[in-house]
Structure formats: structure tokens, C-alpha cells
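For the protein sequence lines, the chains are A and B, in the order given. Mapping to full-length UniProt numbering: the first sequence position 275 is 275, numbers consecutive. Mapping to full-length UniProt numbering: the second sequence position 209 is 209, numbers consecutive.
Keep in mind the hints are simulated off the structure, nothing from the lab.
Identical chains blur together in the list; that is why a pair holds if it fits in one copy or across any two.
Straight-line distance between alpha carbons at most 20 Å, and here's what the computed SDA-like set of lysine to any residue pairs gives:
1) Lys248 to Ser373
2) Lys505 to Ala565
3) Lys248 to Asp375
Being a predicted model, the structure only gives us computed values, none of them experimental.
Number of protein chains: 2
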Amino acid sequence: MAPSAQAPAAAPAPPPKLSAAHTNGTAAAEADARESYADEAARYLARAAAMSTAFMRAGELADAPVARWPTSRDLRANVRLALPDAGASEEEVFASMQSMLDNSVNPYTGRFLDKLYSAPRPVGLAAEALLATLNANGHVMSASPMLSLAEEACVAGLAQLCGWDATLADGMTMPGGSASNTLALQTALQRHFPAFRDGGVLGASLALHASGRSGRAARPLLFTSSQSHYSLDKAAMGCGLGLDAVVKVPCDAQGRMNVAELERLVEEAANDTEGRAASAGAPFFVNATAGSTVLGSFDDLDAIADVCGRHGLWLHVDGSWGGPVLFSERWRHLMHGIARCDSLAINPHKLLNAPLQCSFALFRRGEALTANSLDVAYLFHETSDDADAQHSTLSASAQASEARLARREHPGSMAYGCGRRGDALKLYLLWQRYGRHGLGAHVDAGFELAKRVSQLVREGPHANLLELGPQPDELFLQVCFRPKEPSHHAAAVDGQTRTCLLRTKATRHVYDTLRARRRFAVDFAPLPGDLGDFIRLVVHPRTAWTDLHALVAEVAEIGQDFFAASQTA
Amino acid sequence: MAPSAQAPAAAPAPPPKLSAAHTNGTAAAEADARESYADEAARYLARAAAMSTAFMRAGELADAPVARWPTSRDLRANVRLALPDAGASEEEVFASMQSMLDNSVNPYTGRFLDKLYSAPRPVGLAAEALLATLNANGHVMSASPMLSLAEEACVAGLAQLCGWDATLADGMTMPGGSASNTLALQTALQRHFPAFRDGGVLGASLALHASGRSGRAARPLLFTSSQSHYSLDKAAMGCGLGLDAVVKVPCDAQGRMNVAELERLVEEAANDTEGRAASAGAPFFVNATAGSTVLGSFDDLDAIADVCGRHGLWLHVDGSWGGPVLFSERWRHLMHGIARCDSLAINPHKLLNAPLQCSFALFRRGEALTANSLDVAYLFHETSDDADAQHSTLSASAQASEARLARREHPGSMAYGCGRRGDALKLYLLWQRYGRHGLGAHVDAGFELAKRVSQLVREGPHANLLELGPQPDELFLQVCFRPKEPSHHAAAVDGQTRTCLLRTKATRHVYDTLRARRRFAVDFAPLPGDLGDFIRLVVHPRTAWTDLHALVAEVAEIGQDFFAASQTA
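Whole structure, please, built from the sequences with the hints as guidance.
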């Protein structure tokens, strides 16, 4: 114990000196106790900005590799990270930072076409910088006043794009699309099964029993298409419903939910009140997909909303990927019917190129979110404003508006986390900079580029070496294709299954070869209908046409070599 | 449709021109299609850095207000945010950015003592800058090779601090302590109830029925102290167990779980196999708290581990706040017993001042996490390395190590989200810069400062005007105190309850007045034992002593005025 801390301090004393009090204090800790954060931050930020822009510039060179190491094994063999007991100098930290960049994937090449996100827009980087500086927690508005306002503005703006009443709608950013989908599921559970809060799934089941259902008929069921994102399965697992509670609705050839089949399955489950069949259960939730992960398909929201209306089901839309088509006058029809849906997940960090993460969970009737809240006396304080509102004699709509303001004092209470990053700022600044029209044009450009790539595969110079996968009539941003045998090998391929197997092998070979060459990053995925694997590339509105053209040629060439070798073998 | 997209492209063509193809393209979108991201980012980053450092510098001035607006109502009356249809100029965006800073809380004042986090360390800001630039998703290692390695290094380093075998342990960053606690609960559910995966809570309940338990005895129960964080309640609600499944164990006067009572409650629940009493259920999970939210108490992990060992329960430690004491040789004894626990949540974004969010969920036996994974063919590809490992004839420990490497190819599969930000980089760079010793010294300095503040309240010049709340013998970083009546008013206060009510009113008055003065941000909270509300301030290792001294004096002065006014009234 330092002497200075033993005597009761009767007057202001100098700040505690770490170095005197602690034999294990390092030089870094000592310096830290003295220096202004502003001065120190100025150095770090300047170095980080210089490294970042150099990283981008290097990526923008024509021949820059998209990644330094083909596989994790190569990386592990060449890079080792260690955590020291004693601190390092600032220069050593700068070297670590540089090494982080040098050994990472470089999305600024424009040739990272592997995932549904790509290089972030520079204005998004500015938003991230402010978020880091402010370090404000979005759980209560008093700690993050402006970030909360920005979230509120984005929620209202997105609600308007959905055709919802923005004074009744509400929502919040979540740490990703999976989390947004999960919050929708949890909120729907609370709404449909008031016993869920205290009694959990067992409580919901007891209520279903009380309503005359028995056995497996007394379990909540959710419905989603076979092409929907796996986060619906994970949400069902994590929320205690279990994977068996997820009914997978078949899709048509374009990857869209078969809505007639949805209704049949809902009725089949609901009508079996004694739970005789394995399919029995109480439907309460349907997830529709706006932009599926593999094919980029959009479910027919209007038709699904009709089914949900007839059967009293919550309709959630997973628009994590495709949701931003709402910004485009030309393509927003793909989500026609959204005005009648209950909730929407939308991730500006994908199609709109906001930095990771930026995901919103939106609710048409925001008051549904109050079911998620707990009374936490030490954190969520009722203000005198709240109390005024409760005792007021306002009109119903004014009361709804007051209730919304009260809710937004404590956004954290609406979800299942506590602390929250102010991710909405990224969309807020993007929207400011480009406007709704500019973001719409960005979406349009992506559609156009994908259509062009699709045409190149089907009709371009390598058409005889490439098979285009099945795709929606209105192609979104994914193009799935794979090598096929040159026509003079066709005789060797007998039967659909064997063709698919061989082309799947060719696809994996293309994938491995592209990774080894490090010029393009693409992914592969199995397509529906047991077609086997296809290369899935995700175009982004800024992808260069010359690069896409080169990639298509490269896939054809690698595939040709593969088939030639397999012919010889 | 633009003509250029209709003809099949037979040769590389220039990139699509957005402006030609889209009548709704804005000037911003056009510029965007042309300019290098590096050039654009250089401008944004330079402006953001200049604004950020100016914000910090302004905060570091002696008289800087901690917030611009006392309440949200004031903010709303003065600031309106709008989202435009047409884009704005860069200069207009810069003005928006500046407005974000101008109207926010300024943690660099050092007088934001309201929450468990405060100003982030500058090296953390550099980490955030790199994360934004890399924009790499931590769900698969191929997309985020270096960020995954940094996560792996931090997980191993933290596991070693816990005394765990780092080759068997595993874990990952999560978007906050609540999420980390929830993942532990979900993983424990999977582990204890294999039927949970497919059948959910109903499946777990069926299994309990099959084991001879009936009625409410066939429900899973979790145990946590009455002073634990509300995220355990939220996790139970969100995971479908329900709030009734949370058994709140009483605490001692210092806010620590009463371990004898824990064991009694566990036995009472477990032994009632017919579910006669409301307390019946199947215990499977205990949450211990390392650093409680209000008092900063540490549960006795060794004693709780004994109970969990005897009854076969998963022992999770919510060290979101207090976990970093593991870095301090002097204070790590507060978590003695952690070596025997199953999982730990720890948030470097709180005590270690990494930027928000930086939270880890750590598991002593990492293979438990595989229970959370789904086979997602389009995302998590089995590599040829994995296949080799499966067919190998390695020793058991080498197999465990190979299994860990395979798991770490797809960190996203271990949790319930999909996309993930590489938050570990913040701890990685902090640890590099300060070393384990430097971070330990940081922790030590916080303890010392809190002790000094506590002494000042109890024995300083305003001791007769202040009541120090109950606190742990080994005081952590929170100091709870409130105004009390000067001795010549004491006669007016009759009885414990009335005293608490009056002092609670005084505390709220202090809180409101401090907010209005905008010099300090502190919080208030109800203390256990029906003592009513106390001011809770959270010291941070960099908090200036002069500021703390001034705050204590100000609380005493505002309280004195309050009591004088209430005496007169």
C-alpha cells in the first residue's frame, strides 16, 4: 500500500504515481499515466491512417494478391503471435499493426468475391473512427445521446422504406444478421406466448396444452425455406425450440419458398391437435428470405403475408443480404409486401458496403419490443419525463409517440444484450453522403454487373467450358457457375449424377487453384436439386469488369486442365 | 437496361459507368465510381483523426463539460437529424461528423464515472482503425487470417491466466458480456442435455422425465446470486428457460453469493423429484460473479466449484467486469478457483479500457463448443487438412490439438451468430503495448484509487455529510455513497426506513443536479438490504484525484442544500 493512500485525504493531492506504488509497473504504464490521451492518440491515428491508406493503395495495384497466404496452414507456418509479460515500445506495436495488414486479405483489390461483404466505403471508415473515439455505449441514451439519435433516424428512415408508420415502428442495430433474426424470433415468442417470459418454452407448451393441444402438437413451430440462412436453425437451437421445431419449406427451381406448400405444412401441423404425426406443432412464426445466401432469391412476401394473415403468424423477413433493394426504385418490387410484415433484418454492411458490423432489426409495431425488457433498477432509470407521460391525458397516437421516446431512453432494454456499439452511425453517414438515390444507384449497379457476368458465362468466349447454375429470373448479385467438360469429352460423362460428381470435383479443384494463385477469392456452394457444387461469386457494385472477365476465363482454363488430366488418368 | 449490358461481352470492356446507366445516380455516386478508395479514405481518415484528437484535447481541459446536454429532452429540442434523398457533399458530411462529437458525452474529461467503461486507450483506437480498414469477418479464418490468429493468441493467453490447459481451452470474442454469458449458458445446455439440440427445452424436459423426474422437477434450473448481472435473467428468458428457471441465491452483506445457501437450494431443487414444491427442478448451471455491477463483489469461486463438483453442475464465471484482476499478481487471488471453472466471460472493454466492444467467452474444455455448430455446406468447408486429421493415428493430445485447429478454421461455427468483428485485436495490441505486467499495474492503480476515494468519503472533510455504502472488504473500483443529514438535523430523521427514503430522495437530487451541471457523470443504484439508492461512482485508473476530490465535495454540498431545503419545507 502506498503511504499516500493511507492517510485520509483532506485536500486535493496530486494524482497517484503508478511507478512509485507498483513494483511491477512497466515503463509503458508510467508513460501512460503522464501523457495526454490526445497526444498519444494523434500518433496512433496518424500511423494507422498511413498504414491503412498504403494498404488500400497496394490493393488497388493491378497485380496485388488478394491474400498473402493460400491457406491457414501456410499462415501458421510463417507467422507466430505472442503476448508478452513486459510491454513493448510504440514502434514495436506499429510493427505489429503493419504485420496485421501485410498478412491479411486485401478487399481493396476488388477481387475478394468470396462473401456477401467487400471493401467498406471510406465514409464508413470515418464513422468507425468516430465510434472508436466516442466509445459510447448504446444501451442508454444518456451515455450515447447522438449515436442514439442517429440510430433512431436510421430506424425511422428504414421503416419508411418499408412503408411502415415510423411513429409506431421501432428497432435497433444488432451485432449481425443472425442476431437480428434471433431477436425477431424471441420477440415473436414473447408476443405469441405470454408464458414464455417466465415459463420459457415449457410455459408456452403448457399454454398450448391448455388450449386443447397435446403431445408434440403442443410445441411452437417456425417455418422457413430450405434455402434460408442457417441462422434460423441456430436461433431455434439457441432459443430452446430445438432444430426439430424448424419446418423447412421446399423451394421452387429459383430458390424461392413454395408458398402453397408453406400453407399446406402450416395447416398440417396446426390441424393435428393430438400430435399424432411427426409434423404436429403450433405454428407461430414464418421467416421469409429477401436475398438468399447462395442463389440470391427473394421470397414472395405478399403471398406469404396472405398465409400469415390467415393463420395469425408472425412474419419476419431476413433481408440481411437483399434488404437494401428497398433503396432502389427499380428493384424494390422484389420486396413488395414488406409493408405487411412484422419484422425485418437488414445489413447495410453487406450490399451497401458499410463496415462490419452494421445490421438492423426492425419491427413494424415497436411496442412488441417492450416484452423483452426487464426492470433493472441500477441501469434503466425512469426519468421524471417518463412519469409525466404516464400521467398524461394524451391522445392514443401521442401516447404511442411518448411510449416510443421512453423506450428509446434505454434502447438496450429492447434486446437481450446490454452494452451496444453505435453501429447505426455507419448507415447514417453513408445515407447522408449518398442519399437514398445514391444508395439506390449503388444497388442498381450491382444488379447490372451480375447480369453482365451471367451473360458472359453463358454466351461469352468460354461458354463451351462453363455451366451456369440455376438462377432467379431477376438475378441478384451472386453468379453460380462451374467448369464443364469440353464437348469432345461429353461422351465420357454418363448420367446426371456422375456429371454432377465430376463437375463438383472440378469446382473444388478450381477453388483450390484460385486460392493458391491468390489473385481471386471466390467461394463454392452446393446448389439445390442435388446439382453438386458450383463456384459462387458475389459481385459488388465496384467490382471491375476487367477483373470479372479475367476470373471467368481463369475458371474455364483451370477446369479445362482438370478435365484433360482426368481424361488422361 | 443499359445497352452495354445487353450484348454478351466477348472481351474486357471498360467498367460500367453508373452515371450513364442510371438516371437516379447522384453526383456522389458518380464520383464514387471513379475515385480510388485510398485517396478518398485518406481525406476521411485525416479529418476524422483531426476531429477526434481535438475532441480529446477539448475534453482534457480543466473545465470541459462531460456532456453538452443535461437530458435527452434538451438534446432533442436542439438537434434534429435527417436522412436525405439526394447525397450531400463531403464537407457537409464532415460537418455532421463534427456535430456528432460536439453533442456527445466526452469521456476524455475523465469525469465520466457513470459506467463500467471510460475513455479508451489510444492503442485501442489504432486497433479499431485497422479493424475498420481490414473489414474482415471472423466467422471463417480464410476471410480473417490474422484477426483469427490474434483471437487465438488472446484466448490462449487468457486461458493461461486462468490456469487452464491452453491446448484444450478455446473461446472467442462476443459482442458483449451478455452475449458471452448467454453462449456459456447455451453451451452448458447442449452439454448437459444432448436432446436440447433437436428437441429444445422440451427435449431436455423429456429426458429429465425419462430419468424419473416429473412435473416441474423436469425443468432445467440455473443458479446465480441476487447481485449478479441481469444478463443471466435475459439469457434464461432468451434461451427459452424462462425467468422462473433462474434461482437467485442470497448474498452476504458484502454482496457475495452465500455458498451454503447455494448448496441448500441446489439440493432442495434436485431432491424434489416429483416436483411438489415451486422450487423443484434439475440444477445444471451455476453462474458466479467476479466483480458485481453495483458493489464490485467477487463470489468465492473455490467454494462454489466444490458445490458444482459435488452436484455435477457447469460453473460459469461472469467476469465481465472483474475478470481482468487475473492480470494482477496482487489481486488475482480474488478469482482463486477459476482454474476449476468451466467457462468465463471477461470484457477488456471495461476495466482494461479497450474500446467497446471487446468481450471474450472462454471455455476450459473447448470441444464443448462443437455442440453449437451446424454443418453448413456453403460456408464451413472441410479442408483436406481436416480430412487428413480424421484419418490419422495421432496421440490423444495431438488429436485434441488437431481438433482445435480444425475448429479454429471456422470460429463462427462455435457460437450462434455468423458474421463477427475481429474484436480480439484490441486486447492483442493492448497486451503487446503494456504487457501482462503493465495491465496488472493498471488494475492495481484502480484498486488503490477506489480505496482512497472511500477513505475520503468516510474520513475526509465532508465525512459528516456523507454516508458510505456497504462495500466488500477488498474494495473493487466502485464507491457507493450518498448525502446524509448534518448532525444537527439528525433528530428529524426517525427510523431506518424513513432515513433511507429521505437519503434516496437526496441521492436522486444529487444525480439530477450533477447532470444539470454537466461536470460529472455518475450513476445511482439501489443497494442490497433495502438501503435505498446510493450514488455509484466507478473510478478508472486514470481518473484524476483532484476531480474525485471535487466530486465528493460537490455531492456533500448538493446534499446539504437538499436537507436544508427539506428542513425548511
